[in-house]
Amino acid sequence: MVSKIELNERQETILQIVKNEGPITGEHIADKLSLTRATLRPDLAILTMAGYLDARPRVGYFYTGKTGSQLLTEKIKKIQVDDYKSIPVVVQENTSVYDAICTMFLEDVGTLFVVNKNTHLVGVLSRKDLLRASLGRQDLAEIPVNIIMTRMPNITVCSNDDLLIEVANKLIEKQIDALPVVKEEGEGLEVIGRITKTNITKVLVDLAKNEVI
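Note that full-length UniProt numbering has the sequence shown beginning at 1, numbered continuously upward.
The hints are simulated quantities; they were obtained by calculation from the structure and are not laboratory data. Every residue, glycine too, gets a C-beta built ideally from N, C-alpha and C. It cannot be assumed that every hint is accurate.
Straight-line alpha carbon distances no greater than 30 Å define the calculated DSBU-like cross-link-like pairs of lysine-lysine that follow [to be verified]: (1) Lys32 - Lys197; (2) Lys75 - Lys197; (3) Lys128 - Lys19; (4) Lys78 - Lys117; (5) Lys117 - Lys183; (6) Lys77 - Lys117; (7) Lys174 - Lys32; (8) Lys174 - Lys75; (9) Lys19 - Lys174; (10) Lys170 - Lys183; (11) Lys75 - Lys209; (12) Lys128 - Lys183; (13) Lys170 - Lys128; (14) Lys19 - Lys170; (15) Lys19 - Lys78; (16) Lys197 - Lys117.
Estimated spans, in silico, between C-beta atoms of each pair [claimed, not checked]: (17) Lys77 - Cys102: 19 to 27 Å; (18) Pro153 - Ile76: 28 to 36 Å; (19) Arg151 - Ala208: 52 to 60 Å; (20) Arg10 - Asn154: 50 to 58 Å; (21) Ile192 - Pro57: 27 to 35 Å.
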């Protein structure tokens with residue numbers, strides 16, 4: 001994680017100088033502030049890395065024209081699934097509905113991912129699926145989860161390098177609580193993580209704490 005840049009007074013002054021007089025060399029900025037180029041270098045590096053300034057060889061620094069909110073929006077749009085995914089909770093397809101309910105309760109999750117003997121994703125179980133199955137008079141210990149699960153290919157998945165904002169949109173559009181993070185493994189998909197509404201909420205909390213990717 002990298003902290004969102006909070007500009008200090010000198011950095012704000014540098015930004016204003018570049019806005020008014022850019023493109024301008026680091027040497028000229030240093031002269032205006034009565035500082036050495038070496039003293040100024042860390043501030044210029046921070047402003048450039050944060051996206052407030054850009055630099056061109058033999059030309060100098062210039063203001064990008066982007067506000068703090070615009071830069072923050074750009075950072076949000078670059079956050080990937082791999083930055084916020086959590087550990088998946090997986091059950092075998094022959095697991096009983098009763099055991100799946102116990103697993104969901106003990107792991108404190110709202111979605112279970114179902115895999116076959118090759119550890120490939122074959123289904124997803126939600127709280128609603130398990131609740132619906134428990135409303136009947138059936139023996140839950142005798143019913144395998146593959147009877148009630150949502151099956152492939154009717155499962156929405158994501159990968160490590162997907163943008164988190166796009167996955168958040170999928171959660172909203174599909175009205176689901178979680179997506180499995182997968183990677184190709186042989187002829188199937190291996191579950192390597194999960195993205196939930198809680199993960200998305202964590203991004204908001206990190207932003208409120210001025211911590212973004």
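Verification of the hints:
{"no.": "1", "hint": "Lys32 - Lys197", "in the structure": "50 Å, violated"}
{"no.": "2", "hint": "Lys75 - Lys197", "in the structure": "20 Å, holds"}
{"no.": "3", "hint": "Lys128 - Lys19", "in the structure": "56 Å, violated"}
{"no.": "4", "hint": "Lys78 - Lys117", "in the structure": "36 Å, violated"}
{"no.": "5", "hint": "Lys117 - Lys183", "in the structure": "17 Å, holds"}
{"no.": "6", "hint": "Lys77 - Lys117", "in the structure": "37 Å, violated"}
{"no.": "7", "hint": "Lys174 - Lys32", "in the structure": "56 Å, violated"}
{"no.": "8", "hint": "Lys174 - Lys75", "in the structure": "25 Å, holds"}
{"no.": "9", "hint": "Lys19 - Lys174", "in the structure": "45 Å, violated"}
{"no.": "10", "hint": "Lys170 - Lys183", "in the structure": "18 Å, holds"}
{"no.": "11", "hint": "Lys75 - Lys209", "in the structure": "15 Å, holds"}
{"no.": "12", "hint": "Lys128 - Lys183", "in the structure": "26 Å, holds"}
{"no.": "13", "hint": "Lys170 - Lys128", "in the structure": "19 Å, holds"}
{"no.": "14", "hint": "Lys19 - Lys170", "in the structure": "40 Å, violated"}
{"no.": "15", "hint": "Lys19 - Lys78", "in the structure": "26 Å, holds"}
{"no.": "16", "hint": "Lys197 - Lys117", "in the structure": "29 Å, holds"}
{"no.": "17", "hint": "Lys77 - Cys102: 19 to 27 Å", "in the structure": "40 Å, violated"}
{"no.": "18", "hint": "Pro153 - Ile76: 28 to 36 Å", "in the structure": "30 Å, holds"}
{"no.": "19", "hint": "Arg151 - Ala208: 52 to 60 Å", "in the structure": "39 Å, violated"}
{"no.": "20", "hint": "Arg10 - Asn154: 50 to 58 Å", "in the structure": "57 Å, holds"}
{"no.": "21", "hint": "Ile192 - Pro57: 27 to 35 Å", "in the structure": "42 Å, violated"}
Violated hints, listed in ascending order, are 1, 3, 4, 6, 7, 9, 14, 17, 19 and 21; each of the other numbered hints is respected by the structure.
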